[in-house]
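Build the complex from these two chains, which are given one at a time in their own frames, with help from the hints.
As they're listed, the protein sequences go chains A and B. First residue of the first sequence? That's 1 in this note's numbering, and the numbers climb one at a time after it. First residue of the second sequence? That's 1 in this note's numbering, and the numbers climb one at a time after it.
Hints should not be assumed to be uniformly reliable.
[Unchecked claim] In silico DMTMM-like cross-links for lysine to aspartate or glutamate, where the CA-CA straight-line distance does not exceed 25 Å:
#  : chain 1 : residue 1 : chain 2 : residue 2
1  : A       : K27       : A       : D3
2  : B       : K64       : A       : E56
3  : B       : K64       : A       : D45
4  : A       : K89       : A       : E53
5  : A       : K4        : A       : D39
6  : A       : K4        : A       : D49
7  : A       : K4        : A       : D42
8  : B       : K79       : B       : E69
9  : A       : K27       : A       : E156
10 : A       : K182      : B       : E61
11 : A       : K181      : B       : E61
12 : A       : K182      : B       : E45
13 : A       : K181      : B       : E42
14 : A       : K155      : B       : E25
15 : A       : K31       : A       : E53
16 : A       : K41       : B       : E67
17 : A       : K28       : B       : E35
18 : B       : K64       : A       : D39
19 : B       : K79       : A       : E169
20 : A       : K28       : B       : E51
21 : A       : K31       : B       : E25
22 : B       : K64       : A       : E124
23 : B       : K79       : A       : E124
24 : A       : K27       : B       : E35
25 : B       : K55       : A       : E56
26 : A       : K31       : A       : E189
27 : A       : K182      : B       : E42
28 : A       : K28       : A       : E130
29 : A       : K31       : A       : E44
30 : B       : K41       : A       : D121
31 : A       : K182      : A       : D121
32 : A       : K28       : A       : E169
33 : A       : K85       : A       : D121
34 : A       : K181      : B       : E122
35 : B       : K64       : A       : E44
36 : B       : K64       : B       : D27
37 : B       : K55       : A       : E124
38 : A       : K27       : B       : E51
39 : A       : K181      : B       : E121
Calculated from the structure, these hints are not laboratory results.
Below are the chains, spelled out letter by letter.
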Amino acid sequence: MTDKELISGIINRDNVAIQFLVSHYHKKVIKTAYYFVHDMKDAEDLAQDVCIEVLESANLFKGNSSLNTWIYRITVNKSLNFIRKNKRKQLFSQIESIFRKQDGFQVVEHLEPIYHETTLDDTERRMILERSINTLPENQKTAFILSKYDGLPYKEIAEIMKVSLASVEQLLHRAKMNLQKKLVVHYAEYSTKNKTNELRKFQK
Amino acid sequence: MPNIQQKIKPMNCASFRNSIFAWSENDFSSFSADEFTAHSKECAECSQLLEEFNKTLAIIEQAKLIEPEPFAATRLLQKLENHQESEGWWFFPVSTPVLRPLYVGLGIVFAILLGVVVGFEESRIIRPMNYENLESVRSELNVPDVMKDDVIQFIKP
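If we strip away everything but chain B, and leave its shape as in the complex, we get (with noise of 0.2 Å):
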């Protein structure tokens, strides 16, 4: 009856720590277990290392098992009933990371556009003549010393 000790090629520490994924969710598609059995018995720094890597994973398994906190629900519905109130103020999606740069850039090119309307608004207005400039005028002007005053009298407000 032939030994089936024999029969178990030697597992070496590299190809060990390379299965060991493998091993814990019992997919032996690309190794022997028994050789994996085998080697984990010989060689105690791989053993140790199987063991911390069990433990490493059993912590996804007690992951699994955090719950939020108790009023998680009734702080989201709060927040979401804010944002609804916010909502309406808003006729375009302003939170849109994609969107922002283009609003900023029509916002600049929008106030660039009100100072140059204003401004040329501005420049438009006649402004009322004060008494300095009345002075200048009524030397320039070439008139009768009685219409003169008629002028001034007009222009002056």
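Same shape as in the complex, but just chain A (with noise of 0.2 Å):
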């Protein structure tokens, strides 16, 4: 089925169409979210909110790029706003906590994590990894997980992000260099505690 195909059958809510759209994007719409907010179940959330856009503004595509490219820019555009808001939520959700701690209740907080080991496994890897991809900004972070996780290449990325090739690069380079910062900076903590741990052993 070619895209004009699929969007003139998704305009007419036909099913075939609809069934074509969600077996051929349904996996490729999650995992790109997947890789945005580290969650299934909110991913498979947003894949559902993807196709609902895809539903009701079949209408407004023009054609000026591939449907794989517009399904990837609501994607994306998804995604980040679900960050947005799960970011004013914490904020809140903070704030509201340091109102707790005045009124006397008790706080459970969310600790940095403790290196318990001598190495580090690969849940903390993948943790540090996320984190530190989630404060990168977000046209670095979307160059970063577009190029990195999905695989596209760069005239794909520019496309959605609707950019030039050569911005594409240089966000790329940016984000690649702030995460090598960040993945430093977290690598030398944990090096200074587990020479801290090791030293604290041999006193003992």
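Okay, structure coming up:
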């Protein structure tokens, strides 16, 4: 089914077209959303939002880019919006926790991970990587995820992000440099903690 | 014959740490691979850092293998069907976040206008006169008693 046929099918609410859309794009959409939000349930919910957006806005699709690019763009935007909303929620819950503290309620805080082992395991590494990616500016994060996780070529990333090819290269370079800095700092901290732990063990 | 080892400039820890990502991608445009390898052999801390970095980047490769749950597509189709069923009830996109404040504002204006119109109409309704009012009207009427009774009979519901 071509993009045009698929789009006209979606506009006419043709079940075959909708099934084709879901079967062809659901994995891509869920996986891309997952790379952004790091939670499969949230990624599935986002995929649902993306499909609904495709259904509702199919008549606005002008065909300037491929349907694949358009769906990727919607997925990226929905995922970034979700992260923004989550950040706001976190901020409110933090403010709430401050007030609760003042009221004398017991508050469970999100503590920094404590490295008990002498080496990092994959879960800790994943956590460090996800946190570091999350702290990148949105456009750098998008370029990095689309390139490194989704494995898309620079040209397609440029089309999805509506920027030039040179901008994508620049964004990716900056993302890598920032990520490198953050990871190095994490590992340096970890290494220092490790050394301190070893010293304490030795002193005991 | 010149010694190859002598040509390799020593790389410091800072430049090594700035080149780790490029090294992992085999991009040697900004530094020499020999210098990098030489420093990695000399500095245990940087060597460990490189190892951790490579293991972290391998996490990205692992993430690529993650697949959605088997019935994700079926669930998605079901949700889309439900959405389509509910679609017919709305004549305009209520869920659009940009338009939502506008709809709320229009709703409030409509409610106020409705209140004004209903209030105005209510004030125009002529209520039937009760007997207490009838007595006061009777005293105010400056007409002969016979005619008064006629008027009262006429007004009486």
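For each hint, the structure was consulted:
no.	hint	result
1	A:K27 x A:D3	holds, 18 Å
2	B:K64 x A:E56	violated, 30 Å
3	B:K64 x A:D45	holds, 19 Å
4	A:K89 x A:E53	holds, 24 Å
5	A:K4 x A:D39	violated, 33 Å
6	A:K4 x A:D49	holds, 22 Å
7	A:K4 x A:D42	violated, 30 Å
8	B:K79 x B:E69	holds, 16 Å
9	A:K27 x A:E156	holds, 18 Å
10	A:K182 x B:E61	holds, 20 Å
11	A:K181 x B:E61	holds, 21 Å
12	A:K182 x B:E45	holds, 17 Å
13	A:K181 x B:E42	holds, 22 Å
14	A:K155 x B:E25	holds, 19 Å
15	A:K31 x A:E53	holds, 18 Å
16	A:K41 x B:E67	holds, 12 Å
17	A:K28 x B:E35	violated, 41 Å
18	B:K64 x A:D39	holds, 14 Å
19	B:K79 x A:E169	violated, 38 Å
20	A:K28 x B:E51	violated, 31 Å
21	A:K31 x B:E25	holds, 23 Å
22	B:K64 x A:E124	holds, 18 Å
23	B:K79 x A:E124	violated, 35 Å
24	A:K27 x B:E35	violated, 43 Å
25	B:K55 x A:E56	violated, 43 Å
26	A:K31 x A:E189	violated, 31 Å
27	A:K182 x B:E42	holds, 24 Å
28	A:K28 x A:E130	holds, 19 Å
29	A:K31 x A:E44	holds, 9 Å
30	B:K41 x A:D121	holds, 24 Å
31	A:K182 x A:D121	holds, 18 Å
32	A:K28 x A:E169	holds, 23 Å
33	A:K85 x A:D121	violated, 30 Å
34	A:K181 x B:E122	violated, 73 Å
35	B:K64 x A:E44	holds, 16 Å
36	B:K64 x B:D27	holds, 22 Å
37	B:K55 x A:E124	holds, 11 Å
38	A:K27 x B:E51	violated, 32 Å
39	A:K181 x B:E121	violated, 73 Å
In summary, the structure is inconsistent with hints 2, 5, 7, 17, 19, 20, 23, 24, 25, 26, 33, 34, 38, 39 from the numbered list given earlier, while agreeing with the others.
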